[in-house]
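Undergrad: Spelled out, the chains give:
Number of protein chains: 4
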Amino acid sequence: MVQLGLVGLGKMGFNMRERLRAAGHEVVGYDRNEAVSDSSSLADMVSKLAAPRMVWIMVPAGGPTRDTVDELGELLSEGDLVIDGGNSKFTDDKRNGEVLAAKKIGYLDCGVSGGIWGKENGYGLMVGGAAGDVERAMPIFDALRPDGPREEGFSHAGSVGAGHYAKMIHNGIEYGIMQAYAEGFELMEAAKVIDDVPAVIKGWQRGTVVRSWLLDLLVRALDEDPELDDLEGYVEDSGEGRWTLEEAINNAVPAPVISAALFARFSSRQKDSAAMRAVAALRNQFGGHAVKKVGQ
Amino acid sequence: MVQLGLVGLGKMGFNMRERLRAAGHEVVGYDRNEAVSDSSSLADMVSKLAAPRMVWIMVPAGGPTRDTVDELGELLSEGDLVIDGGNSKFTDDKRNGEVLAAKKIGYLDCGVSGGIWGKENGYGLMVGGAAGDVERAMPIFDALRPDGPREEGFSHAGSVGAGHYAKMIHNGIEYGIMQAYAEGFELMEAAKVIDDVPAVIKGWQRGTVVRSWLLDLLVRALDEDPELDDLEGYVEDSGEGRWTLEEAINNAVPAPVISAALFARFSSRQKDSAAMRAVAALRNQFGGHAVKKVGQ
Amino acid sequence: MVQLGLVGLGKMGFNMRERLRAAGHEVVGYDRNEAVSDSSSLADMVSKLAAPRMVWIMVPAGGPTRDTVDELGELLSEGDLVIDGGNSKFTDDKRNGEVLAAKKIGYLDCGVSGGIWGKENGYGLMVGGAAGDVERAMPIFDALRPDGPREEGFSHAGSVGAGHYAKMIHNGIEYGIMQAYAEGFELMEAAKVIDDVPAVIKGWQRGTVVRSWLLDLLVRALDEDPELDDLEGYVEDSGEGRWTLEEAINNAVPAPVISAALFARFSSRQKDSAAMRAVAALRNQFGGHAVKKVGQ
Amino acid sequence: MVQLGLVGLGKMGFNMRERLRAAGHEVVGYDRNEAVSDSSSLADMVSKLAAPRMVWIMVPAGGPTRDTVDELGELLSEGDLVIDGGNSKFTDDKRNGEVLAAKKIGYLDCGVSGGIWGKENGYGLMVGGAAGDVERAMPIFDALRPDGPREEGFSHAGSVGAGHYAKMIHNGIEYGIMQAYAEGFELMEAAKVIDDVPAVIKGWQRGTVVRSWLLDLLVRALDEDPELDDLEGYVEDSGEGRWTLEEAINNAVPAPVISAALFARFSSRQKDSAAMRAVAALRNQFGGHAVKKVGQ
Chain L
72 MVQLGLVGLG KMGFNMRERL RAAGHEVVGY DRNEAVSDSS SLADMVSKLA APRMVWIMVP
132 AGGPTRDTVD ELGELLSEGD LVIDGGNSKF TDDKRNGEVL AAKKIGYLDC GVSGGIWGKE
192 NGYGLMVGGA AGDVERAMPI FDALRPDGPR EEGFSHAGSV GAGHYAKMIH NGIEYGIMQA
252 YAEGFELMEA AKVIDDVPAV IKGWQRGTVV RSWLLDLLVR ALDEDPELDD LEGYVEDSGE
312 GRWTLEEAIN NAVPAPVISA ALFARFSSRQ KDSAAMRAVA ALRNQFGGHA VKKVGQ
Chain R
72 MVQLGLVGLG KMGFNMRERL RAAGHEVVGY DRNEAVSDSS SLADMVSKLA APRMVWIMVP
132 AGGPTRDTVD ELGELLSEGD LVIDGGNSKF TDDKRNGEVL AAKKIGYLDC GVSGGIWGKE
192 NGYGLMVGGA AGDVERAMPI FDALRPDGPR EEGFSHAGSV GAGHYAKMIH NGIEYGIMQA
252 YAEGFELMEA AKVIDDVPAV IKGWQRGTVV RSWLLDLLVR ALDEDPELDD LEGYVEDSGE
312 GRWTLEEAIN NAVPAPVISA ALFARFSSRQ KDSAAMRAVA ALRNQFGGHA VKKVGQ
Chain U
72 MVQLGLVGLG KMGFNMRERL RAAGHEVVGY DRNEAVSDSS SLADMVSKLA APRMVWIMVP
132 AGGPTRDTVD ELGELLSEGD LVIDGGNSKF TDDKRNGEVL AAKKIGYLDC GVSGGIWGKE
192 NGYGLMVGGA AGDVERAMPI FDALRPDGPR EEGFSHAGSV GAGHYAKMIH NGIEYGIMQA
252 YAEGFELMEA AKVIDDVPAV IKGWQRGTVV RSWLLDLLVR ALDEDPELDD LEGYVEDSGE
312 GRWTLEEAIN NAVPAPVISA ALFARFSSRQ KDSAAMRAVA ALRNQFGGHA VKKVGQ
Chain C
72 MVQLGLVGLG KMGFNMRERL RAAGHEVVGY DRNEAVSDSS SLADMVSKLA APRMVWIMVP
132 AGGPTRDTVD ELGELLSEGD LVIDGGNSKF TDDKRNGEVL AAKKIGYLDC GVSGGIWGKE
192 NGYGLMVGGA AGDVERAMPI FDALRPDGPR EEGFSHAGSV GAGHYAKMIH NGIEYGIMQA
252 YAEGFELMEA AKVIDDVPAV IKGWQRGTVV RSWLLDLLVR ALDEDPELDD LEGYVEDSGE
312 GRWTLEEAIN NAVPAPVISA ALFARFSSRQ KDSAAMRAVA ALRNQFGGHA VKKVGQ
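Protein chains in written order, with this note's numbering: chain L, 72 to 367; chain R, 72 to 367; chain U, 72 to 367; chain C, 72 to 367.
Excised from the complex, chain L in its bound form:
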């Protein structure tokens, strides 16, 4: 059993602490929210850990994670190890790793998938960093990952940054898969050929080529709301889809499906599209085609 400092006890971090403790590990959590925190400050958390220490960061990507890395750089000592399990952009990992390497503190980046189900099912993990550091943190990874063969729920993807890179691609793929199901759902709803669309989708769960965990979740959502009409078709994006598309651009790799899925989210958030106003204006100019005026 190992000891772990865990910074960030939000939805994900809180659940991970549960899962780690259930596996018998000692977790000293820190969160600004005193109600869930095991320590009064980051320094307090560090003081409760025995060297060589291992600290898992689970705070929002970007500034908060970089700041936490910087603070830990001040608080930890040579030979300690930091693992960023948040959704950082892979380019941040290089910077974070260098900040800590300058103090001879190890650094791993760990992409984590599984959402709120991970507490129960385990989390899919993709790790970047030095082999020795990965080996050292393996008890933690083994506790967090799903049961079954390690290599089916965990990978050491490469050097620092590779874990978040793999997670980024994972999420880009996820955007595409979700959109594929979504287009099929809309088409069945629109065409009025299928009498019971939720029943058809439920019937895809076993034996079909499209069976998947996301399909199971879609079935679950349709069980709760068969036409999904309690929701608005408004979808946020959280960064990884954009980064995946940036990487497609940087590597001259065509990514028509992932980009289409991302753009569908952008469109879903627009009340009115300036582009389509321009198209409407053009049609009106050349053809005298009717247009919808605002307020009509």
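Just so you know, the hints here were simulated from the structure itself, not pulled from any lab data. A portion of the hints provided could be inaccurate.
Reference listing, derived: stretches of chain R covered by chain C, where coverage requires no fewer than 3 residues with Cβ under 8 angstroms from a Cβ of chain C [said to hold, decoys possible]:
1. 248-257
2. 281-292
3. 316-325
Being a predicted model, the structure only gives us computed values, none of them experimental. Positions of the beta carbon are idealized from the N, C-alpha and C atoms, including for glycine.
The hints should help you fit chains R, U and C onto chain L, whose structure is shown.
TA: Below, chains R, U and C without anything else, positioned relative to chain L:
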């Protein structure tokens, strides 16, 4: 100077009669709207034409055009010639041509581009049918097409159906071009880097690679409404874009730009997207991500 | 236990006969290939069945299936039931159902998913037709579908045609999902950030959001050929993707992901693209940009 | 008449010197290629200009332009003005402007469109920078831009960077327009309905909605090579398309057409697609579908 029966005196047909008469041709128009019609019925129109007759159909595509062809098949005689200048699907032309050929009446299909500007500028024409029939109708085509070399505003595209096929592809391309300008417009509006977006677009009219007639029309629209905010971003489609995409499917030709432009129009007409409700539902299921509930 | 005539003993039909017999049903198969056939002709097969008969068609979609329906219409009697389990277009089902209904023979269309794994895992089934006919064939469906709750591997999607409609949409979704994984794979291969791409993909099998049966198959393919370089990137399409896109057009439903996946297949089969020759020609015209000449 | 230093006398710079001199301006050019240079070094060029000087940079974007700005910062004096007419990314302009502002040297960025035709037709210009600087350089802009109203071939788009931003968007639009024509061309070539595809395209030059300068160039290319089969369908991209897509991502603006056009270029340069190998592998895994093995 020749004599022409013209069926359909709507926005397009009315203007064409004007242009043909201005060129010195004799036009006997027929329209159900007595206020604009030169004859009291299709039969009356035919009776006013000297054999061998030439009749131009300019009524809505589909049923109305097919019905008009059928009626003309009854009213006209061997050696007469019918030209369909409407927006018929190219597959209708085969049928229309055969109906008339059975009575030894000639048939041409003519794709017409230029919208409400055609009366003044002339219409771009794409014709399908037998060379002899094309030759015979050339005075009409020459009057309708723009000034300048005939081959720059007119083509004999092939046998019956080829004219509307060419027009269909023309419109598919048009969808793509309009969407390209529209995306650029939206991006400039959104990015807030350009101080005066209409001025930039106006400045593209001369010398640039993207100069075009559609660009001129966009400038015109922006002159009237600099942010295009009197309009809603709601865009109809009139068939040719869909048919172009069908043909891409039938011929296994990738058409990502034309399909994207068509789908953008479909999306523009949706208040809420079932697909995006499905994506929102999925995100909510796996991540506990916040969703917009209806009424919120 | 029931008795079934089974027409078509190719890759799919042969396996289905095995699975049905293993479940204790009596199958009289017919195939032109004598080596696998249980009967010498369609008539011979029918003669071996006790009325009221049930016959499953598993021959190529289109002409072969329609011809088989027509022949069965001659051979079968009032009260018999025909099930088309092939990949027919849903529009064929209306025609097939009517041919048989005229002779008071029942008709069901059954979309079947699962490929070569179905024999072992069971097949996902989507059925269209009358409830009474569905009920009657249920022992067959129960034998073919996977173990587990019936509604997770079987659906009665609606009236005649709805089964193949559901299967068509299923396959459209499948195109999108496969392309999403494929884009992610290519990007990881290209970016050279991940040291061991197959290991990352294998590590997605448990716990992640993108886990699926298709992912398991991708892992299997990568186990056999880690860079997939024994294959060419040449991908056929079998109809359902095209039909799904046609239906998107017909119903004005945006389907950017499914269309992108289909177009990627079209592109994969082109040695050289006429479209891209046109773009190259344009760049050369305005910019004097270098172009690749044939033979260079 | 004004005096201008011009750095970079390649394809574009050389032509611009011609056009400026034809308009009566004095141009002192510098290029590493002595055969075309008017001066022996950048310093020599500067020494030949009377203060306050105006220098136009027309060298490759990125490093070469930044280096030239840095060198000019050393050579020029307070009150001089530098104009970057190359294809710099707009983010470079901020940096370049600041380098020069630190020495009280003015800076304008000027997006230039028109390619090799600009010498004769004039160049479309989009300028970013301070109004006073723009005013000062106006004689140069007026000489370079096409005849006709200034605002139809020139715009002051905004502050430093806005000129190249406008040019970037211009090129993104250009990608989309070219691809739209290209898809239409390929479809007409493939469908075999049109007898003479080049004649149809030539006939679109007058009167149609899709008439444009790019269309005129396509006609020109087809006059030289009616099936464009002297070329390979291999298309480079020069940066602006990628940057436009990055900006779409950054601003959450859907850009399906521009991205599709960019991805089509990426695909055109691939001998074999890793993504499509993955799709082929998947189809083979689940369906036993035939695949093309390398070497077959």
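Undergrad: The structure should be examined with respect to each hint, and the outcome stated for every one.
TA: Quick rundown of the hints versus the structure:
no., hint, verdict
1, 248-257, "holds (count 7)"
2, 281-292, "holds (count 6)"
3, 316-325, "holds (count 7)"
The structure agrees with every numbered hint stated previously.
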